[in-house]
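Participant: Listed below, chain by chain, are the residues.
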Amino acid sequence: MSRILRATALAGVLALAVSGCGGVGGDDGGGGGTATSGTLTTMGFGLSDEIATTRVDAFKRDHPGVDLKITEGAFDEQQFLSAVASGNPPDLVYMDRKLIGTYAKRGSIQPLTDCVEKQDIDLAQYRPAAKDQVTLDGTVYGIPEFSSVRVVYLNEALLRQAGLTVDDVDLADWAALPALNTKLAKVSGGRLSRIGIDPKIPEFLPMWAKANGADMISADGTKPNLTDPKVVEALTTGLKLIQDQGGFGRFKSFRDTFDFFGAENPLAKSQIVAWPMEEWFLNQAAKNSPKAELVVKPFVDRQGKPLTMSSGQAWVITKGAKNPDAACAFVKQMTATETWVAAAKARADARKAAGQPFTGVWTGNLNADNKIFDELYQPTGNKRFDDAVATIRSVQDAAFAMPASPAGAEFDKASYDAVNRVLAGQAQPAEALARAQQEATAALDEASK
Amino acid sequence: MASTATAPPAPGRRRRTPLARREARWAYLFLAPWIIGFLAFTAGPMIASAWLSFTEYDVINPPEYTGLDNYRELMADPQVARSLGNTVYYTALHVPLVMAISLGLALLLKRVGRWQGFFRTVFYLPVMTPAVAVGILFLLLLNTQDGLINRGLALVGIEGPSWTTDPDWVMPGIVLMSLWSLGSTVIIYLAALQNVPRDLYEAASIDGAGAWARFRHVTLPMISGALFFTLIVNTIASLQMFTEVYTMYFGNRETQNRFNSDAASFYVIHLFQEAFQFLHMGYASAMAWLLFVIILVVTLVQVKLSNRFVFYEGEDR
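Sequence order for the protein chains is A and B. The first sequence begins at 5 in the numbering used here and counts up one residue at a time. The second sequence begins at 1453 in the numbering used here and counts up one residue at a time.
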């Protein structure tokens, strides 16, 4: 079947199903050369801030022969697949790292072995968790950037009101969590007005499971492990924390009203006491609630050892990319130490000009992070935020990531559906996870063929 | 045209006049943009997807012929059964409600006199709201603790349900949301009501018919064509429900990481996930054709039944 027919067929599925509703633009060399000229197209990336523009400007300056065309916007599967089906994919795609396994297995993105070798990209500079997510069956398919990690945020003023200290919040002691949670939460007349502990499930269930000593999926991303009693226990623990706060309906509806990006954030409004969350909230808190009594602690396993889950983006070169050499040069420069440092400096300058604190950039490049935090970062003078930055830096080395999987999206759906069924009261944890295990196994077996 | 009813059929094939041929050419010329668009963007893709429904195809690699495997698989897929069940349940709730409420509103609008234009605009405005915005808006309105709907219920002493998390209440919440954009149906009914000849009502009144009898025996038959049209259109739209619910419960990759409910899993949402997230385009094509057949059958049944209930002016019954 011709490419045109296949692309047409893609439209046909939607035309049939949603008839009332309703490209982006070789060889598969993998970017092995070093010549950089011609047109270079990207998808899934945007020039939304100085971190992006500074790095892109550096590439343009050093590669004047390349006509860089950036199609701005977040990665869109439909857009990408339509471009691939029509035989006109972009050279580079910027996507969530957890998608890479699926696209690599299907052959829509190129192994970067030649690119890494010929452009002399030092893979050791990237954080191990980030590198794991872009590696399938020992082959690197993407160059990672950013390392978003999860830490525990505490509102110390609310802890004090409850007669507790920061040290009393011990996430290693699961047996004591329900009592602590009940003490911190504010539920009256069936109405929840303050969350004690938010376990953040289903999205953070892999971190709770890991803290309990279980991986939800095998290291090669092909075998689910959802029926492990330790995973069941993790889900049961999270469920209990939510049920004790008026049930999931009230818990979710209260949490849905939170605005983490504004001055009326739940920290400022005293709506939540303890919650694990991505490190980016520190930037928002520093900007919007600099006087809040915020304390950041590492998430810990049941032995009290710091633990965090890492995620981020990656650059991939598509199968059929017309200019893989320039694409390879681009990803090398975008993720190089000096480029990151320049971008971080631009961010620090912008924050200074706006009268806001600079809390750093977590690049996914270990060398860049060290330079940024050793040489560029200046303590804000607010001990709470400076300590928080130090905590976040310390947990970066304790990060794990969900491995690249040939059916990552289906695994995610199966595990999230399981948690959602439990939260909605439709199934018990063991029963829901057993069903998810079956669904995930079928999907992974099919994808691994 | 009218002469064809009385004139005997001419022997042999009648030659068209040059004028008729010229007019036909112009007609085809003016129809050409639509015909080309239909062939390129509807018929062509439909034929291609029919072929793909018999293949295993991930969009990236060439399709492999697998015969009826996709159809067999979807008949045994519990997700397909669940999402189809949800979609039918939604249709069964949404269509009668939209028709009844729209008719009620249209009857009221007909009586408001010179303010009719204003209210007509007001009722139609929600139709202009983008579906994505409607989805987000109703997530807020249906919030269990702080949503406007539950606050309103609390004023009359009713504790509102968990509209977005309780599996029993998710679908009623979605139906409530869908009533937001019934403006089109209201406008169609209003136009139909305004076309009912006044002398029919006068004659019925003289014969002693009360308000209900006039509505039952004059209004309903006279607007039955409009009722039938909206029945078909709303049924098809309901079976294809996607955007608002996808925005509320599935949305982008970020919101997929949060809560969504089996109760909100509609057929087209499942189809979309299979096609573009799990890369099962062949399977999704089979799903699309199944939905097409279901819609076709439902529409044919409705058309058949309409012969009994729909009255067209000038028709002899």
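Simulated from the structure, these hints should not be mistaken for lab results. One or more hints might be untrue.
Now the in silico label distances, taken between C-beta atoms and shown as ranges [what the hints assert, rightly or not]: (1) Ala179(A) / Gly1537(B): 37 to 47 Å; (2) Gly50(A) / Leu1605(B): 51 to 61 Å; (3) Lys356(A) / Phe1571(B): 21 to 31 Å; (4) Asp1529(B) / Ala267(A): 31 to 41 Å; (5) Asp177(A) / Gly1519(B): 49 to 59 Å; (6) Gln307(A) / Leu1605(B): 32 to 42 Å.
Even for Gly, the Cβ is constructed at its ideal location relative to N, Cα and C.
Participant: Now tell me if each hint is right for this structure.
Facilitator: Hints versus structure:
1. Checked against the hint of 37 to 47 Å, the pair alanine 179(A) and glycine 1537(B) passes, with Cβ atoms roughly 41 Å apart.
2. For glycine 50(A) and leucine 1605(B), the hinted distance range of 51 to 61 Å is not satisfied, since their beta carbons lie about 42 Å from each other.
3. For lysine 356(A) and phenylalanine 1571(B), the Cβ-Cβ distance of about 56 Å falls outside the hinted range of 21 to 31 Å, so the restraint is violated.
4. At roughly 48 Å, the beta carbons of aspartate 1529(B) and alanine 267(A) sit outside the given window of 31 to 41 Å.
5. Taking the beta carbon of each, aspartate 177(A) and glycine 1519(B) are about 57 Å apart, inside 49 to 59 Å as hinted.
6. The hinted range of 32 to 42 Å is not satisfied by glutamine 307(A) and leucine 1605(B), whose Cβ atoms lie roughly 48 Å apart.
Hint violations for this structure: numbers 2, 3, 4 and 6, all remaining hints satisfied.
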